[in-house]
Structure formats: structure tokens, C-alpha cells
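*Asks:* Protein chains in written order, with my numbering: chain A, 113 to 494; chain B, 113 to 494; chain C, 58 to 424; chain D, 58 to 424.
Quick caveat, the hints were computed from the structure, so don't treat them as lab data.
Here the structure is a predicted model, which is why all the values come from computation and not from measurement.
We put the CB at the ideal spot given by N, CA and C, even for glycine.
Take these hints with a grain of salt, some might be off.
Here are a few chain C residues that face chain D, going by a calculated C-beta distance under 8 Å [as the list claims (entries may be wrong)]:
id	residue
1	Phe308
2	Ala310
3	Thr376
4	Ser380
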Amino acid sequence: MTFQAFHFDPVELPPVARELRKEVRAFLDENRASLGTRRDYDQAFSRKMAERGWIGMTWPKQYGGHERTAFERYVLIEELLAAGAPVGFHWTADRQSGPNILRFGTEEQKQFFPPRIARGDLSFCIGMSEPDSGSDLAGTRTRAVKVDGGFRVNGSKLWTSNAHRADYMILFCKMAEAGQEEVDRHAGATQFLVDLKNSPGIEIRPVINLLGEHHFNQIFLTDLFVPDNRLFGEVGNGWRQVSSELAFERSGPDRFLVLFKLLVEMVRMAGPNPDRATAAALGRLVSQLATLRRMSLSIAGMLQEGLQPLTEAAVTKDLGTRYEQDLPVIARSLFPAEPELEAVDTYVSMLARSTMNAPRLSIQGGTREILRGIIARGLGLR
Amino acid sequence: MTFQAFHFDPVELPPVARELRKEVRAFLDENRASLGTRRDYDQAFSRKMAERGWIGMTWPKQYGGHERTAFERYVLIEELLAAGAPVGFHWTADRQSGPNILRFGTEEQKQFFPPRIARGDLSFCIGMSEPDSGSDLAGTRTRAVKVDGGFRVNGSKLWTSNAHRADYMILFCKMAEAGQEEVDRHAGATQFLVDLKNSPGIEIRPVINLLGEHHFNQIFLTDLFVPDNRLFGEVGNGWRQVSSELAFERSGPDRFLVLFKLLVEMVRMAGPNPDRATAAALGRLVSQLATLRRMSLSIAGMLQEGLQPLTEAAVTKDLGTRYEQDLPVIARSLFPAEPELEAVDTYVSMLARSTMNAPRLSIQGGTREILRGIIARGLGLR
Amino acid sequence: MRDETRMLLDSVGRLFEDHCTKEVADRAEAGIFPDALWRAVSETGVPLAALPESAGGADAEWSDLFAVLRVAGRFAAPIPLAETMLAAWVASSAGLQISEQPMTVGPVRLGDRLTLERDGNGWRLSGRASRLPWAAQAGRIVLLADGPDGEMAVALEGTPGSSARGQAAGAELTPGRNMAGEPRDTLDFAGLRVAGDAVAAVARGIDRAAVYRRGALARAVLMAGALERALDTAVTYAGERKQFGRPIAKFQAVQQQLAVMAGQVAAAGAAADAGIEAMSRDDPAMEEFLIAIAKTRVGDAATIASEIAHQVHGAIGFTKEYSLQLSTRRLWSWRDEFGGDAEWAARVGAFVCARGADALWPTLTDG
Amino acid sequence: MRDETRMLLDSVGRLFEDHCTKEVADRAEAGIFPDALWRAVSETGVPLAALPESAGGADAEWSDLFAVLRVAGRFAAPIPLAETMLAAWVASSAGLQISEQPMTVGPVRLGDRLTLERDGNGWRLSGRASRLPWAAQAGRIVLLADGPDGEMAVALEGTPGSSARGQAAGAELTPGRNMAGEPRDTLDFAGLRVAGDAVAAVARGIDRAAVYRRGALARAVLMAGALERALDTAVTYAGERKQFGRPIAKFQAVQQQLAVMAGQVAAAGAAADAGIEAMSRDDPAMEEFLIAIAKTRVGDAATIASEIAHQVHGAIGFTKEYSLQLSTRRLWSWRDEFGGDAEWAARVGAFVCARGADALWPTLTDG
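Assemble the whole structure, with the sequences as input and the hints as a guide.
*Replies:* Structure, rendered in C-alpha cells:
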């Protein structure tokens with residue numbers, strides 16, 4: 113009997129991370145006006161962070177990074193998220209695209225992209241999902257054909273967050289023969305670095321969400337030409353390249369701090385001397401959050417050691433999502449109110465936004481069923 | 113679009129049922145000493161009920177019944193259950209075995225069994241599950257071979273409630289050829305009426321549950337001889353005979369009144385003026401219970417009309433079990449206590465019993481997964 | 058169900074199906090009142106059917122009217138149908154003028170309080186009515202206010218179309234909306250002069266508490282309908298959407314989730330029915346208890362079911378384009394209107410606790 | 058984890074695996090103390106390891122001792138290991154005699170209160186200590202009582218084997234058990250005469266609150282272990298048990314449920330670890346906060362995980378014969394000992410509310 117299916121070894125934050133926390137708090141205090149607004153995509157804010165070396169902070173210095181620890185990055189991003197800082201411009205590039213380019217990119221790509229990301233000059237989006245492939249990437253239909261000097265790509269992408277604002281997209285598609293309209297499920301998956309701002313053959317249409325906001329897009333690619341030097345990684349290696357992102361994507365504090373401000377407002381509503389039942393309900397939530405943070409930090413420790421704790425990341429994401437989706441439900445029951453998006457009262461408007469945003473949380477980063485399937489595999493059940 | 117996947121049409125209890133309720137309450141009041149004890153199997157109590165015509169009450173008069181409505185029976189049993197009356201002696205016979213014999217039995221069987229059940233003379237148990245077939249009856253291994261004048265049965269049954277006390281068992285098994293040790297999954301399922309008290313070849317061993325109680329048994333059948341006149345229904349028709357019981361078995365108030373006394377004690381703990389959170393938590397439970405009762409009553413109406421609302425019964429059972437399994441959890445959170453089986457305090461001992469009994473509720477009458485599978489089939493998903 | 062009821066429901070069902078298109082819903086959310094839909098509904102006579110025949114009604118059963126609301130809820134009909142029914146009931150019973158136009162009724166929040174003071178042969182109305190449904194678009198606004206000798210009903214002429222911040226029916230209007238984009242406007246009255254014939258004492262039992270309670274039931278019944286629609290949408294989607302080479306309906310995890318959702322939807326329907334029946338009991342305390350159960354149970358069902366519906370849909374369900382949000386945004390809004398489930402559940406709990414533990418069973422089985 | 062710690066855990070793991078058989082568990086439940094198990098554990102030095110070397114201990118870290126408790130929880134070891142550790146800590150720090158025999162410590166319930174009064178050069182002890190673990194079987198009972206000048210520790214000689222109702226350690230003993238059948242005996246003292254050298258003022262910070270808090274953490278850690286065992290049992294069973302012609306582990310519904318359980322088990326382990334680390338902070342308020350989080354989170358995990366474990370097992374899990382109940386009955390009992398999750402959660406909530414909303418984030422990230 114091994115007993116411990118998964119590993120969440122204790123980690124202690126190094127002193128340098130504690131120091132950094134103070135710096136970040138001071139920085140956030142200086143930039144208070146940018147926090148907690150609905151304007152999440154703010155290049156000027158990202159540039160300020162870049163100036164302090166807070167984008168690409170764990171990357172090698174030769175590629176524009178700052179060679180700091182995963183723990184420091186952890187502290188930085190949890191502080192940013194808890195404060196509601198507008199990190200949308202650099203978020204994807206810093207978390208996924210940059211590290212992935214450093215791992216799978218050509219030397220020229222590593223010279224070109226990461227330094228610009230770290231300066232706050234380039235933003236990225238991820239072109240993965242399609243109308244018929246959400247959880248199931250094998251269903252991808254977008255296809256690339258080798259042509260002289262590059263590739264010609266046709267197809268469409270859906271749910272591409274921030275495509276209407278990003279500079280580059282890492283495009284996931286399949287290799288096909290010239291003239292081939294349909295690709296099969298097992299064709300070689302391949303990625304490209306697509307310049308969204310300067311490529312003919314790209315049409316981006318907004319997909320408005322149920323809050324009336326524009327984050328998602330549908331992208332139509334019609335004879336898009338991608339030059340050879342923007343092939344990303346190896347032809348046919350797209351699968352492996354993508355799955356290496358997932359531990360990063362799933363274990364971070366963004367998986368349980370999206371609605372943190374609602375918890376803060378709940379504590380405010382409770383006042384300094386809540387009754388026992390209210391205190392207990394809040395206490396259970398705080399206990400979940402504190403534990404999630406510990407688990408997430410433990411994963412940061414494993415990432416720092418170069419491990420890929422995919423199952424542990426799925427556990428943390430699944431628990432984090434459950435906790436966050438319960439937040440507005442418990443808020444309603446403790447502090448009943450008619451939620452109203454435009455309310456002046458912070459709690460009331462936050463309750464509305466949280467309620468309406470909650471469904472999204474169990475979709476992004478892998479649906480609940482997919483995550484639990486990964487955990488079940490970790491248990492040896494499949 | 114049909115919109116209403118399932119039907120729970122409103123029903124109103126007829127005046128005769130309301131009258132009966134008063135009678136039952138008076139009867140229970142007279143027999144107060146028998147209520148709410150752990151002694152659930154009490155033939156003397158069943159005889160008293162039989163004297164009033166309360167066993168087999170909906171059956172034809174010619175077979176010892178009283179030709180009363182399903183609504184009257186509904187009222188009777190919900191009153192018995194809510195009061196914690198010791199109905200174990202006649203419960204299975206009254207709910208399942210009697211109606212099934214009236215439906216599938218020979219004339220001789222109909223003359224023999226139902227009148228004796230209705231008099232409180234005979235008790236029944238159900239020999240269905242086996243070590244390797246719980247939810248999956250096709251896995252049944254007990255096999256019957258035709259011999260001169262009857263059948264010879266070999267095999268074993270598990271989880272047979274009350275087998276150590278019952279007079280008869282309705283045995284579910286498969287037909288085999290002489291000498292055949294293993295039967296295949298699709299062999300003809302067949303039922304027998306087995307006299308447990310007067311048949312050689314039956315060994316009954318107790319299976320103690322985690323409360324230290326003896327309800328379950330394991331039964332070993334070694335060359336058990338069952339005469340031809342105790343073949344029940346048709347050879348090969350066992351499946352259909354069994355599934356017709358399920359709507360009865362799954363929709364009754366026993367699917368949400370097992371732990372009713374705990375709810376009563378919770379109301380007592382709350383006192384006449386509970387705080388808002390306590391009132392709301394109790395109110396949610398009462399709202400669930402009232403709704404379950406309405407759904408169950410609606411099914412009684414359908415049974416009265418001769419329908420077989422199997423999906424609706426599965427819905428009610430699933431919701432009822434969820435509600436009852438949540439009861440001790442919510443009790444603990446509202447009125448914290450260290451549960452203790454032998455406590456003098458009614459609430460504390462009931463909390464212990466309820467906590468330990470809760471797992472059983474989602475096993476008996478079909479596991480959660482099985483019930484939800486039936487519901488999914490009702491939705492056209494499978 | 059009686060045959061005439063079934064015929065009525067079939068015909069309004071077809072009417073809503075024809076009129077409640079996605080376009081109508083989107084336009085309504087953009088502030089354009091669906092006149093054609095309202096006219097069609099109005100022509101059926103349903104909005105005023107509860108009135109006596111003498112008053113232009115049909116002496117209809119409340120149970121039939123509320124059954125229509127369930128259908129309206131299914132189709133997310135963006136009109137003040139429940140509000141008009143309740144407004145007509147209050148105004149007509151008090152002997153006030155009603156209107157064929159959409160009406161609304163209030164206050165709809167417990168904390169709001171309106172007062173009437175004598176002013177010559179007329180009255181002056183003061184106070185706030187928050188988040189009144191469709192107030193800016195109603196032809197008539199029926200309000201309950203505290204007069205010198207008890208509760209009084211006031212019927213104000215509306216000023217349809219005044220959806221901008223400003224004046225409406227002589228009050229300061231602050232437009233608002235619920236999470237589904239339905240108008241919920243706040244009216245502030247600062248001693249508004251109201252003519253004598255627009256004010257009357259309420260009929261016995263048809264008072265503010267009754268409006269609040271039946272308003273809550275109306276929301277529960279609308280939700281029961283919206284839940285049926287959301288289930289239908291999710292089941293249909295699961296059958297069509299393919300992942301890993303087969304419809305997601307074939308995955309056991311999806312089946313089990315939809316089974317849970319179906320159970321909640323069925324329970325919501327049953328609880329709403331019980332609330333509807335309670336209106337015919339002529340026992341306000343028991344009516345309130347059963348409606349409280351309905352609002353609580355349906356509200357809980359809405360929470361569980363909407364989560365599952367979105368989970369099954371994935372990203373598509375999160376878009377404005379797709380219709381699921383027409384149901385789920387209404388569920389999220391309606392569960393907290395006329396009091397949320399926490400408030401009504403506390404009322405259920407207070408009711409049974411006041412009667413005591415040993416009365417719980419008789420209370421549940423009464424009737 | 059340090060190498061010596063890992064070696065220690067490996068060796069006690071083997072020890073428990075050898076000794077904690079189903080038979081030993083059943084006999085313990087029938088009232089027969091597992092002497093061989095206790096002797097084996099005692100020989101490792103673990104029960105008294107926290108004491109300074111001068112007092113016969115090993116100056117061991119509490120974190121190592123509590124890591125051993127997690128292993129004991131896995132194997133459902135029916136001995137007062139946590140109680141002996143805590144009793145030794147209290148008695149030794151107060152300068153009182155300890156024992157190699159199993160010990161217990163109390164009071165373990167918030168409402169209980171013991172008092173000491175001077176009587177010549179000795180003392181008189183009064184009051185009740187409810188549901189003291191293994192009180193009838195302990196060689197020494199260490200109690201915290203209110204003396205004339207503050208809290209004092211009392212070390213009473215036990216009377217092992219006195220499991221019948223009657224006298225124990227000079228007190229009236231009412232035997233009891235928790236849902237797992239572990240002894241939880243109530244002691245009533247009516248002015249029991251205690252010698253002067255069996256009573257001493259408590260060491261600073263090693264008082265009743267500290268015992269209650271670390272007792273709660275001990276239960277959380279034991280539960281974290283029991284949860285691991287229950288998961289292991291359920292996963293193994295699902296792989297072996299066949300229904301519909303294949304192992305139930307292959308059904309997606311079972312996989313999804315076990316995945317949920319595994320998440321709860323992982324969270325419980327992480328929360329327990331955080332509580333253990335808190336003991337080294339030398340900050341009683343923060344220690345209490347983090348232990349409160351641990352007891353709350355592990356308690357919630359126990360509730361969810363034990364339901365799933367039983368659901369996956371079906372009927373077999375409900376039998377005394379099968380081993381799952383050794384874990385789940387303990388989880389159901391332990392979650393409410395030394396304060397249940399409702400009590401500790403309220404403490405977490407009160408702590409953060411007292412500090413205020415804007416201090417929530419700094420509180421969570423402190424350290």
C-alpha cells in the first residue's frame with residue numbers, strides 16, 4: 113500500500129519571496145487606481161511591471177528573463193490576482209507562450225519573442241479550441257499545407273480569448289496534403305506562431321458572453337500564409353507541446369482567486385462579530401482557500417524542481433473551481449440580496465458578476481469531467 | 113419540445129384517506145410503547161394491524177385483501193414510518209411479495225399466500241443479490257435444475273434482509289442443465305417461493321453491519337428441493353417479474369422517512385425562535401421533504417391507475433436518498449455534538465445512528481449510479 | 058388537469074413559441090418592449106382573466122393563470138404577465154381602474170414603504186418602490202401604501218416608453234435591470250399628488266403581504282418553466298454535441314449529471330404545483346407556508362440545475378448567442394426576486410419551529 | 058522530509074501493519090486493550106519522544122510525532138497514542154511524573170471544568186471530565202484543572218482494566234465509546250484527595266487551551282491518515298469488484314466519484330500538514346488559526362470522502378466484516394472530538410472577521 117496517491121509536499125517560501133511580496137504590495141499601492149476595475153487588459157500596466165522585471169521573471173537572462181524562482185513568481189501573481197490587477201495584456205504570454213517558446217522554439221524565436229514579452233511589448237493568445245473540438249483536441253480541423261517558403265493554413269478557431277487584442281497567436285492545427293479538406297483524428301498536430309496584426313487571411317469576429325462582454329472570438333483563417341521560421345516546434349509534435357503547458361495552466365492561484373474579492377466582501381458584510389453560523393460558513397471557505405493555496409504553492413515547488421505534476425495540478429484546479437463556484441451560492445445564503453450588475457453597492461454588484469461568471473470557471477483550463485478523468489488515471493483507474 | 117420529461121401530476125387525497133389518517137393516529141397512540149424502539153420486527157404488532165385490515169389493504173377481498181385505494185395505503189404507511197412503528201415483520205410481504213404473487217402466482221399460490229400475509233401469519237424476504245451480483249442481476253449464479261416433482265437449487269444469496277426471521281423467501285435464480293456448475297449471463301431467470309423454515313438444504317449465516325446489528329444474511333443453498341407448485345411465475349420470466357416490483361420499492365415514503373425522527377429532533381433543538389440561519393437551514397430541509405412527499409403521493413396516484421412509473425420512482429428515490437443523507441450532515445453543522453450511539457440524549461444518539469445508517473440509504477433500492485442511469489434512459493440519453 | 062386548462066396551455070404555448078424568438082428577447086433586453094407579443098397575449102384574455110366577468114375578466118382560476126406563467130417561463134417571455142395579473146387583482150378588488158396595457162405592481166421588496174396622506178379630496182404619495190418590474194414601460198402602476206386607516210391601493214397612470222432616467226408616473230425613475238436584462242426600475246415619490254378616485258382601501262386579504270407572497274409564487278412558477286426549458290436545451294445539446302467521436306450524451310458522467318438536473322427540475326415542478334394549489338385554500342398562513350416551500354425548493358433547484366446545464370454545455374452555453382442564457386440568467390434573477398430562497402426558507406423554518414417539533418408531521422400532512 | 062523522519066515513518070508503518078490486524082481491531086472494540094501493539098509502539102520511544110532527553114525523551118520535533126499519528130490513523134491503531142504524547146508533554150513540562158504505560162489527557166470537551174482546592178499539603182479535585190479517551194485503560198490520567206492561582210496539571214495513577222462502570226483513578230467512571238468503539242469514558246470527581254506531588258502549576262503556554270488545540274490537530278492528522286486508507290481501500294475494491302462484466306473502476310461514474318474523493322484526501326493531507334507546521338511558530342494565536350483551518354478542512358473532507366467510499370463499496374462496505382468501517386467509523390467519530398468542524402470553522406471565521414475584510418489577504422499569506 114502506498115497510501116499517498118498524490119504528492120503535495122510542504123514547501124516554505126524563501127526569504128527572497130517574502131521580500132518580493134512587500135515590493136509587490138508597495139507597487140500595487142502606488143497603482144491603486146488600476147486595480148479592481150473591469151479593464152483587465154492594460155498594456156501600460158504591463159509595461160510598468162516589465163520595468164520591474166516582473167514579466168518572464170523565471171526565464172533565462174539571455175532571453176530577456178530575470179532568472180528568479182518559481183516561488184517569487186508565485187508570490188507575484190497571487191498578489192496581483194488578489195488585488196485584481198489588470199494583467200490581461202501579458203498574462204498568457206507570461207504564463208504559457210513564453211515558457212513554451214523557450215522550451216520548443218528555435219534559437220531565432222527564442223531571441224525574438226521572450227525578450228519582447230518580458231518588455232511588455234507583445235501579447236499572445238492561444239488558438240486551440242474549434243467549433244467541433246473543445247475538450248477533444250483530436251477533433252481539430254484546421255489544417256496546414258506545406259508550400260514554398262512556409263505553410264498555408266485554412267480553418268477556424270473558436271473561444272480564442274483576447275484574439276482581437278493580442279499580437280500573436282500560438283495556433284494549433286494539423287498537417288494535411290494540398291487539396292485535402294478533411295483531416296483525420298490522428299493526423300500530425302503542429303503549432304505555428306501567427307502574427308495576428310500583420311497577416312492577410314485572418315478574420316476575427318467577436319463572441320459576446322452572457323455578461324455582454326467581449327473576451328472570446330471566432331477566428332477564420334483563409335489561406336493564411338505562415339513563413340517557415342514561424343513553424344513552432346516540430347511538425348507532428350503539437351500534442352506534446354500543448355500538454356506540457358497544462359500543469360502551468362491548471363495549478364496557479366488564478367484557479368482559486370478569480371472571485372477572491374467576493375470573499376473579501378463577504379467578510380466585510382459579516383462585520384467584526386458575526387453569529388456562529390455565519391462565522392462557521394466563512395471559516396469553511398477560508399479553510400478551503402488556505403488549503404488550496406498551500407497545494408498550489410506545493411506545485412510551484414515541484415515546477416521549480418523541473419517536475420510536471422499534471423495530476424496534482426488537476427486536483428488543485430478541480431478543488432479550486434468547486435470552491436469558487438460555491439462562493440456565490442454561499443454568499444447568497446449568508447447575505448441575501450438581489451444581485452445587480454450595475455449596483456452601486458460593491459457586494460451586490462460583485463454577487464451578480466460572480467454568479468454569472470461562475471459557469472466559466474469549470475470550463476476554462478479543462479472541464480470538470482476531463483480533470484476528474486485525469487485524476488482517475490492518476491489513481492490507476494484508467 | 114415536450115418540456116416535461118417526467119410526470120408528477122397533482123393528486124388530492126380522497127376524504128376516505130383523511131379519515132383513515134385519524135384512525136391510524138389513534139391506533140399508534142394506543143400502541144405508543146411499540147414506537148421508535150430498535151425492535152423493528154414484531155409479529156404481534158403486525159397482527160394488530162392485520163386485525164384492522166391494514167396488511168394487504170389494496171388486494172382483492174377474495175385473496176384476503178380489503179380493496180382499499182393506493183392513497184389509503186399511502187397514508188397508512190407514511191403514518192407508520194413517521195411514528196417509527198415496528199413494521200418489519202410484514203413490510204416486504206405487504207409491499208412486494210404479496211402484490212407480486214397476486215400478479216404472477218398460480219391460483220393455488222394466490223389462495224395460499226396473500227391471505228396468510230394479510231393475517232400477519234407469514235413474513236417474506238427477497239433472495240436476489242449474490243456475492244457477485246448486486247446491481248447486476250445478470251451476474252446471478254444460483255441455479256435451478258428440473259428434477260422429478262420440482263427443482264433442485266444450488267448457490268448462495270447475500271444481503272438477504274431478515275432471512276433469519278422470515279417464513280418465506282422469493283428466490284431469484286437461473287435455470288440450468290443437470291450437472292451444470294456455471295450459468296451464463298443470459299440464462300433464463302426464474303423465481304421460486306422457498307419455505308425457509310421447513311426446507312432441508314438451507315443454511316443462513318448472519319452478516320453483521322457496521323452498527324453491530326444483524327439484518328443481513330448470507331444464505332447457502334445446497335441441493336435445496338422446491339416442489340413444482342412453488343415455482344413462482346414462469347420459467348425464464350424472472351427478470352420481468354422482478355422489475356415490476358421496482359416502482360413499488362422505490363417511490364414509497366420509506367425512501368425519505370427513514371431518518372424523519374432526526375429532523376423532528378432538529379426542530380426540537382432549534383426551539384420556537386431559531387436564528388435566521390438555523391431557520392433557513394431547517395426550512396430548506398422541510399421544503400425538500402414536503403416536495404418529496406408530494407412526488408411520492410403523485411406516484412401512488414399513478415400506481416392506483418395501474419401505471420408503472422419506473423422513472424418517476426427512480427427520481428423520487430434518488431432525491432429522497434440525497435435529502436436523507438444530507439440530514440445528519442446538516443444536523444452536525446447546526447447543532448454540533450459528539451455523536452454517541454448509547455447516549456441518553458435523544459438527539460445525540462439519533463445523530464450517531466443516522467450518521468452510521470446514512471451509507472445504507474444509497475445502496476438499498478438501487479445505487480445512486482443505477483437510479484441515475486434509469487433517469488438518463490428516461491431522458492432519452494441511453 | 059381539466060380539458061379546458063390543457064387547451065388553454067396548448068394555445069398559449071403555441072403563441073409563446075411563435076413570438077418569443079431569440080430576436081424578440083434580444084430586442085427586449087435592448088429596451089424595446091415586445092408590443093406584438095403583448096397584444097397577442099392580451100387577446101387571449103389571460104392577463105385579466107382572474108377578474109370577475111363584470112370587470113371584463115373571466116372569473117378564471119388562479120391555478121390556470123399560474124399554469125400559463127409556467128409556459129411563459131419556459132419561453133422566457135419578456136413581458137410583465139405575472140405583474141399584470143397581480144396588479145389587476147389588487148386594483149379591481151379595490152374598485153380601481155385597470156388597463157389592457159401591461160401593468161406592474163409593488164412594492165416588491167420587503168424594506169420598501171410607501172405612505173399616503175390626505176390632501177383635500179386627493180392624496181399625496183411618498184416613499185420608494187425599488188426595482189419594480191417594467192415600471193418604465195407599464196401602462197398602469199398599482200402600488201400598495203400605508204394610508205391613515207390602513208393599507209390602500211393606488212393606481213397610477215404609467216408613461217410607457219420612459220425607460221431613461223427621469224420621470225415616470227409622476228415619480229423620479231431610476232432605471233435598472235436584473236441579470237437577465239429585464240427592466241427593474243426604482244420609483245421615488247416625494248409627495249406626488251394623486252386624485253381621489255385613483256386610491257382605495259384594499260379588499261380584505263388582498264394586501265401587500267398577499268402580493269408579495271403571490272409574487273414570490275409567480276417567480277417560482279416562472280422558474281419551474283425556465284428549468285424545464287433549460288433541461289430540454291441541455292438534453293438536446295448533449296445528444297447533438299460530439300466529443301471524442303460520440304455524442305456527449307453517451308458519456309456516463311454527462312448522463313449522471315443530467316439525471317441529477319432532471320430530478321431537480323421535477324422537484325421544482327412539484328413544489329410549484331403545491332404552491333399553486335395553496336392559493337385555493339383560503340388560509341393565508343398555510344398559503345404562505347406552502348408558497349414559502351415552493352420558492353425555497355424551486356430556488357434551490359435553480360441553483361443546482363443551472364450549474365449542471367452550463368457544465369454540460371461548456372463554452373457555448375456561456376455565450377449571448379446561444380439560448381441557454383435566456384433561461385439561466387432568468388433563473389439567477391428570479392430566485393432572488395420577491396424574496397430569495399434564504400428569506401423564504403427562514404420563513405418555512407420559523408413556521409415549523411413555532412409550532413414545535415411534535416407538530417412537524419401534522420403540519421406536513423395537513424390537507 | 059528529512060531522511061530520519063522518513064525512516065521513522067517507514068519503521069512505524071511496518072510496525073502498525075504487522076500489529077493492526079482486523080482481529081486486533083475487533084478485540085480492542087470488545088474491550089481488550091492491544092498490549093502487544095502498545096508495547097511495540099512504546100519500544101520505538103515515539104509516545105514520549107517529545108520530552109527532553111533528561112526526562113527520558115528524545116527532544117523530538119512535534120512535526121515528526123504528528124507524522125507518526127498520520128500513519129497510526131491509516132492503520133486505525135486502537136491505542137491512545139496522541140493522548141499519551143499530549144499527557145507526557147503536559148505532565149513533564151509541569152514537572153510531574155509520567156509513565157511508560159498508555160496515558161490520557163483532558164478535559165477534552167470545552168464545557169467541562171475541573172477544580173482543585175488546597176487540602177493540607179495535598180489537594181481535592183472536583184468536577185467532570187467527559188468522554189476521556191481510554192480513561193479506564195490508561196496507566197496515568199493527566200488533567201488540567203483550575204487551581205486557586207491559575208491552571209494546574211494533575212497526574213493521577215490509572216487503574217487499567219477498569220472498563221466497567223465503577224471507580225477509576227479514584228473517580229466515578231461511566232464507560233462510553235465513540236462510533237468506532239474506542240473507549241471514551243466519563244470521570245466524575247467529587248473532592249478526590251490528591252497528593253501534593255501529583256499536582257503542579259502548568260508550564261507557560263502548555264495549558265488547557267494548548268491541549269485542546271493540539272488534541273484537535275491530532276484528530277485532524279489521524280483523520281488525514283484514515284482518509285488515505287479509505288481511498289486506498291476504495292480504489293483497490295473498485296479495481297477488483299466486477300459488475301456488468303467489468304471492474305467497476307472502469308465505469309466513468311465511479312472514476313469521477315473516486316477522483317472527487319482523492320481530491321478531498323489530498324486537501325486533508327495538505328491542511329493537516331499546515332496545522333503541524335503551525336506548532337513550530339511559537340505564536341499561539343496563529344497556531345490556533347491554522348489548526349482551526351486544519352480541523353475544519355479535514356472534517357469536511359472526511360464527510361465527503363466517507364460518503365463516496367461507502368457509495369463505491371455498496372453493501373460490503375456496510376458490514377462489520379469488511380475493513381472499510383475501521384476507517385470510516387473513526388472519521389465520523391474523530392471529526393467531532395476535541396471540537397467538531399462547525400466549532401473550529403466558527404473560530405476560523407471569527408478570527409478573520411475580527412481582523413476585518415482588508416486584512417484577509419495578509420492573514421492568509423502571513424509567513
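*Asks:* If a hint holds in the structure, say so; if it does not, say that too.
*Replies:* Here's how the hints hold up against the structure:
no., hint, result
1, Phe308, "6 Å, holds"
2, Ala310, "5 Å, holds"
3, Thr376, "26 Å, violated"
4, Ser380, "28 Å, violated"
Of the numbered hints listed earlier, those contradicted by the structure are 3, 4.
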